[in-house]
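Chain by chain, the residues:
4 protein chains.
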Amino acid sequence: MDRKKEREEASFEAGIKLGALFHQFIGTPVSEENADILERAMESCMKLQPFVIDSEVTINRDKLRRAISEFGYTSLSGELLSAKVRVKVGKEEITAVLQWDDEKKYPLMRLVD
Amino acid sequence: MDRKKEREEASFEAGIKLGALFHQFIGTPVSEENADILERAMESCMKLQPFVIDSEVTINRDKLRRAISEFGYTSLSGELLSAKVRVKVGKEEITAVLQWDDEKKYPLMRLVD
Amino acid sequence: MDRKKEREEASFEAGIKLGALFHQFIGTPVSEENADILERAMESCMKLQPFVIDSEVTINRDKLRRAISEFGYTSLSGELLSAKVRVKVGKEEITAVLQWDDEKKYPLMRLVD
Amino acid sequence: MDRKKEREEASFEAGIKLGALFHQFIGTPVSEENADILERAMESCMKLQPFVIDSEVTINRDKLRRAISEFGYTSLSGELLSAKVRVKVGKEEITAVLQWDDEKKYPLMRLVD
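Sequences listed follow chains A, B, C and D, in order. Residues 75 to 187 in my numbering are what the first sequence lists, from first letter to last. Residues 75 to 187 in my numbering are what the second sequence lists, from first letter to last. Residues 75 to 187 in my numbering are what the third sequence lists, from first letter to last. Residues 75 to 187 in my numbering are what the fourth sequence lists, from first letter to last.
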């Protein structure tokens, strides 16, 4: 596979991982009590997948505190979640991130250099 | 099974259906364009399940419009979703509802008479 | 609330928790490497929810090994998952379980004594 | 943006859509009764997302019939699901597919020409 094709494949794989993360875990019950273990569990799920060489998932604690319901927890939402994934296909490495964009009201996913 | 046991089983089954609905579909991409078909699809999923005799799912269109991102849609959230399910076990019928509670900041599920 | 009503409410709440667990986490990437942390994360999510006094989630390791794909993991499915949840409403405690039923080909949820 | 960068972005976006589809909808209750509406609902969700110009989702009816439980339906699994998505970024169009691979026991996602 040539380098150009490898970069396309790596971009594709990075997209799969972020789309998967968001749509698998949005809705999950979360509070400050289990935010750590959820972050680690989500990272572990990304790392199992093909071509992933590193992953980082963060639940924003400030926003989490503000979102807590009367019952002491909330459902994980796009506002609270950010992630970074690094994939490698052949010789090409690509990093992609998920981050809430307040202006766009959107969990933006993008390739980064 | 006696009537008392039947009511407990029916309550249990109603709970399963609302918990399932919420956690299956929260996060789904939604706009005014596909809100109808999503409502029908969600109802169809509830109606397949054991003991369900009726179901109704509604996506709040006012809140939906306000939640729309710069990209013309949003992710289905607890704020937008309400549902009613009717289950029957033996001779006992039970109705349960899911409805966002603004004060509690919570997608409240409860048995109704 | 009288005891009869409390038992119905407890049954309802137990149903919510098992329906939620199944439909939130089915599809999650899992292997022997992250089965432990996933079990703990799923339990933590159940324990956050109202009225839950205990929860236990198990991923069947034998079935997991047999389900592993060429890429070294699989998607969490009903065949692999079992759970127990204990809820208390007022003075009434109820236990419910989720367990795959091979004959019925179904992730059976039921109240237990 | 140059054409090379556009192809990478398009590949990334295609990956997001397939990862999202799989992890949002796996677990959904499905039978022959609601397979049609589920397919349309899933396609509608893909079409809402940025850069998508076409999408097609198919639930394999033969496999569906064989997976049906004693209760007349099953949970949507990777074995049953296939999809195609076409995205366009700038001047570059990319098609990607999701298809179960029996040998690999895996819901393979790949870029196609």
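If you are wondering where the hints come from, they were derived from the structure by calculation, not from laboratory data. Some hints could be false.
Identical copies carry no separate label here, and so any pair may be met within one copy or between two of them.
Straight-line C-alpha distance at most 30 Å; calculated DSS-like pairs for lysine-lysine [unchecked claim]:
| id | residue 1 | residue 2 |
| --- | --- | --- |
| 1 | Lys121 | Lys179 |
| 2 | Lys121 | Lys158 |
| 3 | Lys78 | Lys137 |
| 4 | Lys165 | Lys178 |
Comparing the hints with the structure gives:
1. Lys121 to Lys179: both (28 Å within a copy, 19 Å between copies)
2. Lys121 to Lys158: This pair counts as both: shortest intra-copy Cα distance 11 Å, inter-copy 25 Å.
3. Lys78 to Lys137: Intra 40 Å, inter 38 Å, cutoff 30 Å: neither.
4. Lys165 to Lys178: Answer is between; shortest inter-copy Cα gap is 24 Å, intra-copy 34 Å.
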